[in-house]
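Using the sequences and the hints given, assemble the complete structure.
Read top to bottom, the protein sequences are chains V and A. Basically the working numbering = 1-based index in the first sequence + 17. Basically the working numbering = 1-based index in the second sequence + 17.
Careful: at least some of the hints might be erroneous.
A pair holds if it fits inside one copy or across any two, identical chains being indistinguishable in the list.
The list that follows gives simulated cross-link-like pairs (lysine-lysine, DSSO-like), each with its CA atoms no further than 27 Å apart [unchecked claim]:
1. Lys-378 with Lys-259
2. Lys-323 with Lys-168
3. Lys-41 with Lys-262
4. Lys-41 with Lys-133
Don't read these hints as lab results, they were simulated from the structure.
Residues per chain, in single letters:
2 protein chains.
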Amino acid sequence: MKDFELKLENFAKLAVEFGVNVQKGEDLIINSPIEEPSLARKIAKAAYEKGANDVIINWSDDYLTRLDYKYKSQETLNNVYEHIIKKNEYFYEKRLANRISIYSEDPDLLNGLDQKKIAESIRERSKKMKKFTKYTMNDLVSWLVISIPTKKWAMKVFPDLDENEAVEKLWDEIFKTSRIDTSYQKTLENWQNHVNTLNEKADFLNSHQFDKVHYKSENGTDLVVELPKNHIWMSADSKNSKGDKFVPNIPTEEVFTAPKKTGVNGRLVAVKPLVYNGVVIDEFEFEFKEGKVIDFKAKKGEETLKEMLDSDEGAKYLGEIALVPYDSPISLSNVLFFNTLFDENASCHFALGKAYPTCVKGASELSDQQLNSVGLNDSLIHEDFMVGAKDLEIIGYKDDKAYPIFKDGNWA
Amino acid sequence: MKDFELKLENFAKLAVEFGVNVQKGEDLIINSPIEEPSLARKIAKAAYEKGANDVIINWSDDYLTRLDYKYKSQETLNNVYEHIIKKNEYFYEKRLANRISIYSEDPDLLNGLDQKKIAESIRERSKKMKKFTKYTMNDLVSWLVISIPTKKWAMKVFPDLDENEAVEKLWDEIFKTSRIDTSYQKTLENWQNHVNTLNEKADFLNSHQFDKVHYKSENGTDLVVELPKNHIWMSADSKNSKGDKFVPNIPTEEVFTAPKKTGVNGRLVAVKPLVYNGVVIDEFEFEFKEGKVIDFKAKKGEETLKEMLDSDEGAKYLGEIALVPYDSPISLSNVLFFNTLFDENASCHFALGKAYPTCVKGASELSDQQLNSVGLNDSLIHEDFMVGAKDLEIIGYKDDKAYPIFKDGNWA
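If you want it as structure tokens, here you go:
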């Protein structure tokens, strides 16, 4: 690819300086697949050049992950070693370390393996790691999710290309949707403008403080979602507990808040597949009553979807409502990424599971147990799924007065 | 390469079944470079198939290692995180886990960086990890060192080839010197025969219990080495604390024991370069008096050699004396590997630093502090260097009677 090295360099700098916004003397933890170390290496270098104290890369390997789920006993899989807890305590609690996750999993990674075994182990390990989720969900630390192509993922997205072409094409799409230019100055400007535009939408929604929103589409979606009192629509940027700005997703196109846990009623039909625990779930829908999923079906991956909903009580309630225009750049690329970071930013979406406490004024100070009292859901999971049909209509209500928010899939 | 996959598979099985000899329910820790994960993956699979409870791969990346030494402060470099100590305590002390290190470092990795900074950090971290060395040095756990080609290493060994050719040629040399056949049965037989041959040499030496040995060569080597009472010449195989046999090096051609710490006198001239802390040391020699290095010089890497000798008091004394015929298969390959695992098995060698307590009867039960009393050296380091010239003559003495051991570089 022309200018590949230049763009990769700018991507790494953007992740460090604008994404997590590493400060002198801070630590940075990077999760990266071993298959493609180029971005993690450049990020590490950029972070050290910004004065980072220590950069630690947690390397992962899809091949080993699959072996683990296949061969390990349930007991061994459910376990979290004490040294892993210690490591997280140190870097989250003591160091408030920055986190960058390079998420590039093969969407079919765990296909054909025992779904019950996988679900149980993920649930049990999530319980043991639950105390750390607040560090990212409440924005106590700077965190960032980005992606780079791996071979199997690229072949899933572009099955008609050969492996090298698919990888190159996926790099290209990632650079484009992530607004990476050959000039770093231009890349930064792209992002500053983009964040401003998204913040304007959030400001509009926040100033109206809608009581509820009504989703309607010809595909069968017909859902009313109440919003909690003092809810906050958030967009691209956030602030960590030290007061430093950061941007947790690159790319990002969404404006999002949390629904009122018990105030969701109606039918919701997904428009894109969802990859969960290495399995693709497709053509699925939910029926909600008083916030809870009371019925669901999926043409593909239904067993995995069931395991997901059974993670805990909160997994059957919504935790996020997010607005993305049908004509967003990622959506216009017409690429189905099989990767939530991209697909969620191509479509209006919801998440089942834990709500971001930052979405209700003052809720970041509450314990997990207290979130209920302000209408926020808590769960071990937080899984986005896409509902933004081409004809989606969203109407906001304030004191029974109607305001069009989305029309024909785009901002009204 | 023809039959590459087959040989790789047999290499992995040999490492698991004959190398560390993994037993059902045990854990296996693998250290592997990310650049070439193929062997680590196959080893993990082979271990699970033998009933391993958990296989953990500690991935490393030369690129990041160099960044770390370049950018981190001395204080950060000297530190060992508590979770790393916990991890080692658990897997060494509680689980007696098997260890496989895939050692494939770029021989010039840390060239041009601050050697004092590197040496201090390695010394400080070694001190903090010292309590774990007995698990391998005393054979409490099964451990194994093997190698696979990485690009920079392969290009150092075969600088006239292009990168792919160099890597392929190095694979070929590794398979050959490691006695890997396309048949696993044949591979195992190769190793059983080889271990028997080496054990015969060790039995001969053990039955004589020489008081001292005298090294002489035209290159200037003229050294007398006293041996401790009740010394044991070891060879390829060993037994861990559970009584399971294992083979700690593949390849291996050596028969070795420990010298008497204070009983080494004379001049010792190296015949091959030594890679230490990512720097090549070459054309070097030592002068010993009562066991201690009292003078040394090196045409290349002298600063690094000095740092090595200054690691601690024990770094100036010998900890291993090893016999390898000049006509060993690795030596006959005429390849200079710039990797101790291979180069030490192509040449008679010594090690500066810690002695293997297994080389003196009953010494495995002694504390580090007590090793002195049986004539064994203790140190943070254990670094092999090669002295096996073509004309090397070694004479053993028992009660002043002379026995030829080596003549013209080979077993007499």
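Here's how the hints hold up against the structure:
1. Lys-378 with Lys-259: within (18 Å within a copy, 60 Å between copies)
2. Lys-323 with Lys-168: neither (29 Å within a copy, 46 Å between copies)
3. Lys-41 with Lys-262: So Lys-41 and Lys-262 pass the 27 Å test inside one copy only (15 Å; across, 51 Å).
4. Lys-41 with Lys-133: between (45 Å within a copy, 25 Å between copies)
Of the numbered hints listed earlier, the single one contradicted by the structure is hint 2.
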